[in-house]
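**Q** Sequence:
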Amino acid sequence: MKVPQVRGMEFYPSCIEKGMRSERALKLAIAEMYVKGVSTRRVSDIVEILCGTEVSSSQVSRLAKELDEEITSWKAQPVGQIQYLVLDATYESVRVGSHVVKQALLVAIGVDYSGNRHILDAEVANSEAEVNWRSFLEGLVRRGMHGLRMITSDDHSGLRAAIDAVFPGILWQRCQFHLQQNAHSYVTKKDEIPLIAADIRKVFNRNMSR
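In the working numbering, the protein residues as written are 1 to 210.
Hint data in this document are derived by calculation from the structure and do not stem from the laboratory.
Quick caveat, the model's predicted, so the values are computed rather than measured.
Idealized CB from N, CA, C, for every residue including glycine.
Just to be clear, a hint being listed does not mean it is correct.
[What the hints assert, rightly or not] Dumping the calculated EDC-like pairs for lysine to aspartate or glutamate here, alpha-carbon to alpha-carbon at most 20 Å: (1) Lys102 - Glu130; (2) Lys202 - Glu192; (3) Lys75 - Asp112; (4) Lys102 - Glu92; (5) Lys75 - Asp155; (6) Lys75 - Glu123; (7) Lys102 - Glu123; (8) Lys65 - Asp88; (9) Lys102 - Asp112; (10) Lys202 - Asp191; (11) Lys65 - Glu123.
[Claimed, not checked] Computed beta-carbon distance windows for the label pairs: (12) Arg42 - Ile193: 24 to 30 Å; (13) Asp155 - Tyr113: 43 to 49 Å; (14) Glu192 - Glu69: 50 to 56 Å; (15) Ile193 - Lys65: 44 to 50 Å.
With the hints as extra help, turn the sequences into a complete structure.
**A** Structure representation (structure tokens):
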């Protein structure tokens with residue numbers, strides 16, 4: 001695959017591992033463009049410019065379907081024993097039918113009893129409403145997640161309500177990053193934000209230094 005370069009610096013697409021077979025690299029690049037809302041016609045044009053290879057719109061759609069099947073298979077895998085669960089969401093542009101809209105991507109990361117981290121699930125939802133988070137968390141339970149000791153997340157009302165409903169009695173901790181970001185919104189002078197951030201980190205790290 002020919003990768004365009006910028007003078008004075010090296011560029012390589014993050015979605016493609018160096019040394020990866022060109023066919024698989026091309027498929028991943030096509031799938032990523034499609035998922036991010038690039039039209040099938042536009043994807044075809046880009047591939048032809050970069051690779052000198054013509055890819056039809058139907059081929060792009062087929063590759064996207066293959067990606068959907070791989071994701072469906074991954075989301076069906078058993079979860080098992082997880083002691084710490086981290087929950088978060090971000091808003092991304094996604095394709096819904098023939099339109100590209102902003103939707104919430106709900107993400108769950110788990111830490112097992114050996115200290116290994118795993119991406120457990122990711123789900124696109126219209127919003128972070130309780131009903132969406134609750135359905136997402138119930139999916140983890142159905143896949144056999146057990147042994148949970150603590151959950152970390154931001155203080156979003158919909159998420160907190162879903163956690164209380166699905167995991168009553170489980171210890172909850174507010175995400176330090178989100179707490180710090182929320183604190184910054186109360187600082188009126190931007191040049192004071194680094195000082196405030198440093199003070200907050202000292203509070204977070206106080207017990208760790210003992």
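**Q** Confirm or reject each hint.
**A** These are the hints, each one checked on the structure:
1. Taking the CA atoms of Lys102 and Glu130, the gap is near 18 Å; set against the 20 Å cutoff, the hint holds.
2. Among the hinted pairs, Lys202 with Glu192 is consistent with the structure: their alpha-carbon atoms are about 16 Å apart, no more than 20 Å.
3. Only pairs whose Cα atoms come within 20 Å are accepted, and Lys75 paired with Asp112 is accepted, the gap being roughly 18 Å.
4. For the given pair, Lys102 sits about 5 Å from Glu92 by alpha-carbon distance, which is consistent with the 20 Å threshold.
5. The suggested pairing of Lys75 with Asp155 is violated, with an alpha-carbon distance near 26 Å, which exceeds 20 Å.
6. Annotation: proposed proximity of Lys75 to Glu123 holds, straight-line Cα distance about 9 Å (limit 20 Å).
7. With a C-alpha separation of about 14 Å, the suggested pairing of Lys102 with Glu123 holds against the 20 Å cut-off.
8. Proposed proximity of Lys65 and Asp88 is contradicted: the alpha carbons are some 26 Å apart, above 20 Å.
9. The straight-line distance between the Cα atoms of Lys102 and Asp112 is roughly 32 Å, outside the 20 Å bound, and the hint therefore fails.
10. A threshold of 20 Å between alpha carbons decides the hint, and for Lys202 with Asp191 the separation of about 19 Å falls inside it, so the pair holds.
11. Taking the CA atoms of Lys65 and Glu123, the gap is near 17 Å; set against the 20 Å cutoff, the hint holds.
12. Our hint of 24 to 30 Å for Arg42 and Ile193 is violated, since their Cβ atoms are close to 40 Å apart.
13. Between Asp155 and Tyr113 the beta carbon distance is about 27 Å. The supplied range of 43 to 49 Å is therefore violated.
14. Remark: the range hint 50 to 56 Å for Glu192 to Glu69 is upheld by a beta-carbon distance near 51 Å.
15. Judged by the Cβ atoms, the range 44 to 50 Å given for Ile193 and Lys65 holds: they are separated by roughly 46 Å.
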